[in-house]
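Here the sequence shown stands for residues 0 to 147, where the numbers follow numbering that gives the first Met the number 0.
Because the hints were derived from the structure by calculation, they are not lab data.
There are no misleading hints in this set.
Distance ranges between label pairs, derived from CB positions:
| hint | residue 1 | residue 2 | range |
| --- | --- | --- | --- |
| 1 | Glu-83 | Asn-147 | 21 to 27 Å |
| 2 | Lys-48 | Asn-116 | 32 to 38 Å |
| 3 | Asn-147 | Thr-7 | 43 to 49 Å |
| 4 | Gly-38 | Ser-16 | 17 to 23 Å |
| 5 | Glu-143 | Glu-83 | 17 to 23 Å |
| 6 | Ala-63 | Glu-144 | 31 to 37 Å |
| 7 | Arg-118 | Val-33 | 17 to 23 Å |
| 8 | Glu-82 | Glu-103 | 15 to 21 Å |
Treat the numbers as computed from the prediction; the structure is a model and nothing was measured.
We put the beta carbon where it would ideally sit given N, CA and C, even for glycine.
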Amino acid sequence: MSLNQIYTQIITENSRSKEHKHDIDNPNIVHDGVNPSCGDEITLELRVKDGKIEDASFVGDGCAISQASASMMIDLIKGRSVEEARHLADTFIGMIKGTVTDPEQLDELEDSQAFENIRHMPARVKCAVLGWHTLDEALKEKEEEKKN
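Turn these sequences into a full structure, and let the hints guide you.
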């Protein structure tokens with residue numbers, strides 16, 4: 000089995016998974032993300048306490064790429080600090096843009112590296128980054144609320 004086949008299988012399995020696709024109890028961050036070019040949409044729910052993401056989930060509709068990417072993102076961020084989650088979002092988005100290519104940095108993304116070659120499919124880039132942009136926006140918004 001080739002690496003591309005393995006990555007395709009990882010994306011397919013995660014797009015069908017319901018493990019992270021549900022509402023969580025007592026979220027303190029809820030943020031909507033929409034890809035207007037194709038209609039993909041998610042609502043990201045986070046429960047953050049003392050700077051740590053205790054729980055996370057999403058609900059929404061979209062293509063296999065957007066749904067798999069959001070699910071895999073949640074696998075990575077649950078139990079991590081907000082700073083770690085933002086770092087992972089920056090790394091993922093950098094990978095998609097082609098600005099993060101260091102194998103050690105990419106290893107931090109675990110299975111989410113399966114999306115690395117999406118950058119060669121411009122129509123699918125927004126699908127892959129939808130969850131990650133939504134996460135970044137949600138955490139920035141929460142940070143701004145704390146300042147005010």
